[in-house]
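Going letter by letter, the sequence shown gives residues 1 to 275 in the working numbering.
Just so you know, the hints here were simulated from the structure itself, not pulled from any lab data.
By construction, the Cβ of each residue, glycine as well, lies at the ideal position given by its N, Cα and C atoms.
Warning: the hint list may mix true and false statements.
Stated by the list, open to error - FRET-style restraints, in silico, Cβ to Cβ:
(1) A21 with T104: 20 to 28 Å
(2) G210 with A136: 25 to 33 Å
(3) R73 with V176: 38 to 46 Å
(4) G105 with E32: 22 to 30 Å
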Amino acid sequence: MTRVAVAQLPLRVGEPEANRAAAEAAIREAAEAGARLVVLPELVNSGYVFTGAEEARSLAEPADGPTVTAWRRLARDRDLVIVGGFCELAGGAVRNSQVMVDATGTRAVYRKAHLWHDEQDVFTPGDGPAPVVGTALGRIGMMVCYDLEFPEWVRSVGLAGADLLAVSTNWPASPVPQGERPVLVAYAQIAAAANHMFVAVADRCGAERGVDWVCGTSLIGPDGYPLAGPVLRDGPAVLVADCDLTHARNKASGPRNDVHRDRRTDLYWKEERTS
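With the hints as constraints, model all of the structure from the sequences given.
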């Protein structure tokens, strides 16, 4: 059994030291609660609502900069796996990135492939697959925010054997009909159910330059139902749940069905269509 934590943080654009302090406090709280895996939101170091590309570049840092270095230290000291988003400067390009660190150091850096709205004016999109990393806890997939809305992308980590998908996000709030759950939370639940894997979502809180957030931080089981959360209220939070990651390796959806085996790839994406 693995205790997993997701942290909802009150981030502020242009306040990297305060943002890093909030992340470190949440990691320590999660570790004190017995968590071995901690997932943090998107763009922890920089905040999100930039005035433009110049401001984002001024807040970006390399993958061996102060944010990731602090997470590596905490992972080593507390024997954790930490996954979190950061504004990265890599090879002259500014990236919306996510890193995984554990007691041995940096395990993977993923650059967000699907850029949302004004991110297209700020970031260079990633051009590599979403990683699935074998850790001491299990096989952990990595993804950032808008990536989760593409079923093909989510399926790719499922097929690569992810036991758990760690999603770092900043979900902007939008109107939700009375009695309904935000559709962005539903994407995470569908991703879990469609691939029979755990999904750990770390969203953010704290209005930033007029933008509010879903605050959809949640832990979802391989049946698609929440184990903890979603928070759905403005304010910091650390949620934990015990997850038997081996349950994600059973893809059966019934006595005669399997969510991966039953795919009809002989019918999908055919070049010729008939009306």
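Verification of the hints:
1. A21 with T104: 20 to 28 Å: 25 Å, holds
2. G210 with A136: 25 to 33 Å: 42 Å, violated
3. R73 with V176: 38 to 46 Å: At roughly 39 Å between Cβ atoms, V176 and R73 fall inside 38 to 46 Å, so the hint holds.
4. G105 with E32: 22 to 30 Å: Holds, at about 23 Å.
In this structure, the one hint that does not hold is number 2.
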